[in-house]
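> Chains as they are written, first to last, in the numbering used here: chain A, 1 to 114; chain B, 1001 to 1112.
Just so you know, the hints here were simulated from the structure itself, not pulled from any lab data.
All figures in this text were calculated on a predicted structure; none of them were measured in a lab.
All the given hints hold, so there is nothing to weed out.
Facing chain A, according to a computed beta carbon distance under 8 Å, are these residues of chain B, among others:
{"#": "1", "residue": "Phe1034"}
{"#": "2", "residue": "Leu1046"}
{"#": "3", "residue": "Gly1103"}
{"#": "4", "residue": "Ala1104"}
Yeah, the Cβ is synthetic: ideal placement off N, Cα and C, and Gly gets one too.
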Amino acid sequence: SAVISQKPSRDICQRGTSLTIQCQVDSQVTMMFWYRQQPGQSLTLIATANQGSEATYESGFVIDKFPISRPNLTFSTLTVSNMSPEDSSIYLCSVDFEDNVRYTFGSGTRLTVV
Amino acid sequence: AQSVTQPDIHITVSEGASLELRCNYSYGATPYLFWYVQSPGQGLQLLLKYFSGDTLVQGIKGFEAEFKRSQSSFNLRKPSVHWSDAAEYFCAVANGNNDMRFGAGTRLTVKP
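Using the sequences and the accompanying hints, generate a full structural model.
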């Protein structure tokens, strides 16, 4: 399976600022996915990112709040914009692999907004 | 739409005792099934997965899971729990169209 590196692993940010999270994969993948895990909760899909096209967002998530870039087949970024304490979560990226099924995750970015 | 249910929010077992974590899914075809473990503040680590073939799947850290189509279940088991197994466990189901759903998770506490 693919090896996924996420940076930063954690950060503490002031409200109103933005944080960009990077996801690097060791092989070319068609689709990359971004998830949010709020404290004590399960994972929620934010968006799907294809190379060369705009990301597709799930209900409740918008591009202005969570802009995503996908410049090539091994890299993606997720920005959490104009942060508030409610954005404090673990953010994870994942990739499609083997039968179009994603099951490999990055180690996550633990974000705390103060 | 597919869905996953983990009936137990929290389970406590004694160290050395056996463990079974339940997972039930709803899906019209044969799903892809997964179990993940997550330590506090960390990412997800894949314990095992089922795509096809033998319905008893062996994973890492001594875990195994059995796919039972008739019961729509994919329960996770371990014969002897170690204190380091204390964590959150997530069951997930996926199809071949990039749709993946997670259960709410089961928190495992291990008593000395």
